[in-house]
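These are the residues of each chain, in order.
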Amino acid sequence: MTTITDTRLRRPAWSAAGPASVRRRWIRLLLVAMVPLALFYFAWLLQPERVGNPVLYGLLIAAELFNACQALGFWWTCARERPWRRSAWHDLPPAVDVFIPVYDEPVAVVEPTVRAASEMTGAEVSVHVLDDGDSDDMQLMAARCGAGYIRRAEHEGAKAGNINHALARTDAPFVMVLDCDHVPDPEFLEATLGCFNDDRVAFAQTPQYYANWDRGEVPAAAWGQQALFFGPIARGKDGHDAMFCCGTNVVFRRAALLDVGGFPTESVTEDFELSIALHERGWRSRYVPEVLAHGLGPEDMASYVSQQQRWSRGCLSALPTVLRSSLPLRLKVQYMLSASFFLSGWTVLVYMTFPVVRLLTGAQPLASTTADQFLGHFAPYFGLSLLAVTVLGGGAYTFKAFALQAASFWIHVQSTVLTLLGRRGGFVVTPKEGVVGPQPRAVAPALAAIAVLLAVAGYGLLRDRDPATLNNVAFASLHIAVLLAGVVPALRRRPLPLAAPRPHPVPT
Amino acid sequence: MTTTPTDHRTTAHRTRRHTAPPPRPRAAHPQRSRRESAAAVGRLAGEQLAVAGGQVGAGVGNLLFALVAARLLAPSAFAELAAFLALYLLIHVPAGSLSAGSALAPELAARARRRALKGGAVVGGAIAVLAIPLGALLDLSPLLLLAAAAAAPTAPLLALDRGRLYGLGRRTRAVGSLLAEPAVRLTIGVAFAAVAGAVGGAIAVVAAGWAALAVAQLPSGETAPFRRAADARGDDAATRPRTGLAIAAFLLLALIQNQDVLLSNALLDGDEAGRFAVLSTLGGAAAFATTTVPLMLLPRAGRDALRAALGVAFVLGLGAVAVVAVSPGALVTLVFGGRYEQVGALVVPYVLAMALLGVARVFVAHACATGRARHAVFVLAPVALMHLVLVVALGDDAAGIATATLISTTALTAGAATIALPRPRAIRIPRELVWVAALALGGLVLRLLATRGIWLDEATEIHQAQMPMGAMLENLRTIDVHPPLHHIILWGTIRVLGTGELAVRVPSLIAATAMIPLIYAAARDIYDRRAGMAAAVLASVAPFAVWYADEARMYALFMVFALLAVWMQIRILRGDGGAASWIAYVVAAAALVYTQYFGLLFVGTQQLAFVIAIARGALPLRRFVAWTALLALLIAPLVPFALDQFSANESAGRGFQQPSQAGGSVEPGAAPGAYAALTNLAWAVLGYHSNATMTALAAMWPLGVLLALSLLGRGRSWPTLLVVACALAPGVALFALGQLKPFVFEVRYFIGTVPLALVLIARAVTSWPRRPAVVAGACAAVAAIMALGLADQQLNGSNPRVYDFKSALSRIEARAEPGDVIVFTPQYLDHVVAYYEDEGLKMQPLEDGLPAPRRGHKLFLLASFQDKPQYRTAAQDAVRKLSRRHDLVRRDRVPQIQTWEFRR
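Protein chains in written order, with my numbering: chain A, 1 to 508; chain B, 1 to 904.
Hints were generated in silico from the structure; no laboratory data involved. Predicted model only: the values in this text are computed from it and were never measured. Backbone N, C-alpha and C define an ideal beta-carbon position, used for all residues, glycine too. Please note that the accuracy of each hint is not assured.
[Said to hold, decoys possible] Chain B residues, not near chain A, derived (Cβ > 12 Å throughout):
1. 880
2. 890
3. 893
[As the list claims (entries may be wrong)] Label-pair distances were calculated between CB atoms; the ranges are:
4. 93(A) / 772(B): 53 to 59 Å
5. 577(B) / 40(A): 44 to 50 Å
6. 43(A) / 781(B): 38 to 44 Å
7. 494(A) / 784(B): 26 to 32 Å
8. 643(B) / 54(A): 43 to 49 Å
9. 724(B) / 86(A): 32 to 38 Å
10. 118(A) / 614(B): 48 to 54 Å
11. 773(B) / 484(A): 26 to 32 Å
12. 614(B) / 199(A): 31 to 37 Å
13. 870(B) / 484(A): 50 to 56 Å
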């Protein structure tokens, strides 16, 4: 017996499966109850006498409406969740080409993926390492594992180009794409191929599980965000037939890929744009809520920032595509919700601005109201929203995940500006191994925001200590606390160990 | 071969360092039969009783001398003699602790005699030199001080030699020395007093001391009738007593015995100090009777000797209690005169305190004799300090000081027993239990220190509880709105302890203190050890736990029963404890409802949780039905009672409306909103504060958003969900009900939430941070915030919950004369005014009109609830009218109360 050190070889500590039907009914009731609460709040907020400083009020309304749309979209998505039952492939085991795109990742990271892919059952599997890093070691490893090795002369189109190049050199009716750090379970194909019994299904997506979630605060928080998406949101999108491809742990029907000309190579989020293209052509998608592959999430702040910058640039730049698309309205709204999520950083910026402006100038967005009135209308809406996130996320979405997201507000702002300026983003591979040591540059904008909030709060307290000032200082403190919780992992010399993972003994 | 004591110490030191510690002396002869042991105990008890008899005889003789002198001398001369005797005692009591040292090591007497004589002479010389100024200061004749100076050298010598006699077992000589004193006083002293007055009596007292010393020092051919236990075991060096520590221990005992008398003169006014002096004299007799018991025990360390000494101490102590308990009032009247009759109510508890001190002295002696003198000092020193603090804190009257002494001697006896009694090896007290005990003790002291005057509702309940039981229940049924449990408890309390401020709050004090170990046990059982300790820390300083410990109302009980009921329900659902958990749950839930009708909200929430558990198959339906039926059966008798109350109040047009105790933070009469919810939440965790503070706290509500966000992704175990549900549901229900009847939404009515909130906070601070240092820091920070809240709650005069009737009325009484009138408003202050008014002044509510006092007499107008327009207007009108015909002499204001003094 030996003890596993590669976290990807452990059993998953999370289940993507949805709740039982009785619970689902309760959740729907909860979501239905939220709508009148939201209306109650906005009916109060949008009354003309609430207008304080017009500019600030406008910003507040914009931010609140944006968040309300996101929240309503979230509830609408989650309310459509449909029960999942695995079905078997109805015919003889089909041939499946497994593509593992590689750039410059260490062989040690890729090898377990290749080996595990080769051992998948339920199909005639051909594993191909698509090496854009031109590494001989990688080639040797592929040979060692009995996998195919494809190298191209021109490295155009990044990951999308790499896959398209491989598509032209293979011919199996199904294509599976795995990021090189995602180790599949043997039954991956058995669990997913059943979805293709329906000839209209173009791809079946499975969760992108971060097996290294307990390796530090950053992967834990990043996983908290992932878990919310691959839990209730992805299940709900599946209910709307609107699940989009996430780039890994996905099986495609080759015919569908060929129908849209392969992966789009102009985008840094090729998977998102590919999904739009497929849905536009009438293809369907399925989500399989089972953890069937174990990957690695970003382990340090710089990796996380890099990943988020890529996603937000890609999704925001896809917004015009979504708007122009000929998708059915339901699907269009679903894509809009997903893409526009990366504008939410602006709302954080707006909320942070209010106490600063109030403490410095005395201007505030709302007028003719009391704390009692505001709380009476806002608290039920806010409280139940949090409860909904907690219940729907099954507790996987944590405060740290929220704080990390809030502290990344600047990424959304930056991406919006760059997208509007028409700057093209490059495809940057998320590093698979974390860096030990502080990374203050990765969180510099958030640190600057904290410094401003601290200074203004101190100034406010020095100037006055009336209830209104205290209230705004408390708001500033709230933002400081959330931002701090988000940036602290980047300032530690060593990652703070989470609950010690219990290694599973496996036979050698 | 002979060895010096130094050799012994060296050997003992080496032995302790290089070998296992010697076994504790359990018996001199472990193999003896039970009969032999009983015989030994009987023999030792006989010796003890013989010496104690001498001591009692000496006491009786000295008392006789005092009584004869009282009749022989003129009152002023007797007062002088009494003052001299007090001074004499002051010199002898601390010196008496030397007896402990020489009893343990008789050879010490010979070696220390010269130094003792020098010390006594120095003290005597100092008194002699300062005789004239001291005499002027104490209003005593310098001759008496010179006599005291002459007595000073005898004090340490006598103590050393008597201790030596006890140590050597020369009990006949010891008894002789004890009896020599009263013999001389009753013969020479009476004659001298008759001839030379107080000075003559004093000279005889000094001579009696020297005579007692002479008897003690007479040469004798007697040999020691017993060998010291250590000698008998042959390991004298290993268990050599630490005489210095033993002396320190007995000095601390003397301090605990006497500091209340010394302080009472400083804290109390003349009459009250006199009352305590009477009490102290009677209690002193009980303590005096057992003085020799520990000294006799010291050289006889062993189980038999301990049993014998304890038996004698119990017999003498309980005998003293029994004697005074027969008719305390009559006894006091007989011995001290009718003016002290009211002291009678305090005699039994105070004599009990002194009897406990006698028992504690035995334990301390045993600890000193068995090498645990250091432990004894560690117990005695904090108790002495606690006694000092309590006496100062409660020393408003004789009853307060007596209570302080009873609490301290009880704690001392328990502590001394813990260190003295042998413990089986299998039973080891975990360190955390010691910490919890310390927290409970600290919490008790905090609750005793945080005193305030009697509040309106308390006064009403005290008034009701003074009625016969049937009348009280009828009164409750017809005009009150509360269930009867706390009233019944108070009814019993008043009959045992009286109606003093502290006495009526004893049930709340006990409940709020018991909450500390209870919350520890609950949180430990529900979560883990750290959560338990954190909860105990928080409960010890929780502002509400302290506030309602100091209120003779049902709220402390409410908290305890709610906590117990929820804890037991969790045990039931977890499958722990079987029938015991069910019984405890049913009793706690029923008691909760009998304590406060709003307790039904907690019980209802719990029943709902049971139903959910049944639906999920986590609880057998049959068992639930059976136990719930029992609960319903227990609550059933309350239903007609409650219905009667409701209909009586409805027909009187009152409904269940009560005068609101709310301060100005929440607008009275308005339907509660989010701000009221926040305010109640802040009250529950941080206590009552001034309106300005509450406004500032409420303005910090965005931090509540942070708290809500930080709950994202936290574990949601079912026990936590149950505790949260039980903590929130009653408040939410009352919030909803408050939209119709605003006064019901007040934290008092769902105060059971407070201990549950503390459990949740404790869980959060111990489970959210991962590093132990951060956990400790978080716990300390929360406790510090609560302590800050507590300090502001108790000390800030702007706290709108503080109604200082006590100060207002005591100021009035200080200025009032017979024939003066107190007029008060609102009318329902009648009970609280009557509670504090004990000078026989005429009182009437303003609603009955303004009386016209006779010329030269005063009228005091006392007004409270001035935040309510109708009472404010009434008071202002009355002041205007009175000002036309009377002179406004004085205006006074204490928290929530205004007074005006008019003279005609």
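Taking 50 to 56 Å as the stated bounds, is the beta-carbon spacing between residue 870(B) and residue 484(A) within them? For residue 870(B) and residue 484(A) the Cβ distance comes to about 52 Å; the hint holds.
No chain A beta carbon within 12 Å of residue 890(B)'s: Non-interface label on residue 890(B) holds, nearest chain A Cβ at 37 Å vs cutoff 12 Å.
Within 31 to 37 Å or not, the Cβ separation of residue 614(B) and residue 199(A)? Violated - the Cβ-Cβ distance for residue 614(B) and residue 199(A), about 49 Å, lies outside 31 to 37 Å.
Between residue 494(A) and residue 784(B), does the beta-carbon spacing fit 26 to 32 Å? This hint holds: roughly 30 Å between Cβ atoms.
Between residue 43(A) and residue 781(B), does the C-beta distance stay in 38 to 44 Å? holds (41 Å)
Exclusion check [residue 893(B) not at the chain A interface, CB over 12 Å]: holds (27 Å)
Beyond 12 Å on every Cβ pair: is that true for residue 880(B) relative to chain A? Holds: least Cβ distance 36 Å, greater than 12 Å.
Does the Cβ-Cβ separation between residue 643(B) and residue 54(A) fall within 43 to 49 Å? violated (59 Å)
For the range 44 to 50 Å, tell me whether the beta carbons of residue 577(B) and residue 40(A) fit it or not. holds (45 Å)
Honestly, do residue 773(B) and residue 484(A) meet the 26 to 32 Å range at C-beta? This hint is violated: roughly 19 Å between Cβ atoms.
Kindly confirm whether 48 to 54 Å is satisfied by the beta carbon distance between residue 118(A) and residue 614(B). This hint holds: roughly 52 Å between Cβ atoms.
Given a hint of 53 to 59 Å, does the C-beta separation of residue 93(A) and residue 772(B) actually sit inside it? Roughly 55 Å apart at Cβ, these two residues keep to the hinted range, so it holds.
Checked against the numbered hints listed earlier, the structure breaks hints 8, 11, 12; every other hint is satisfied.
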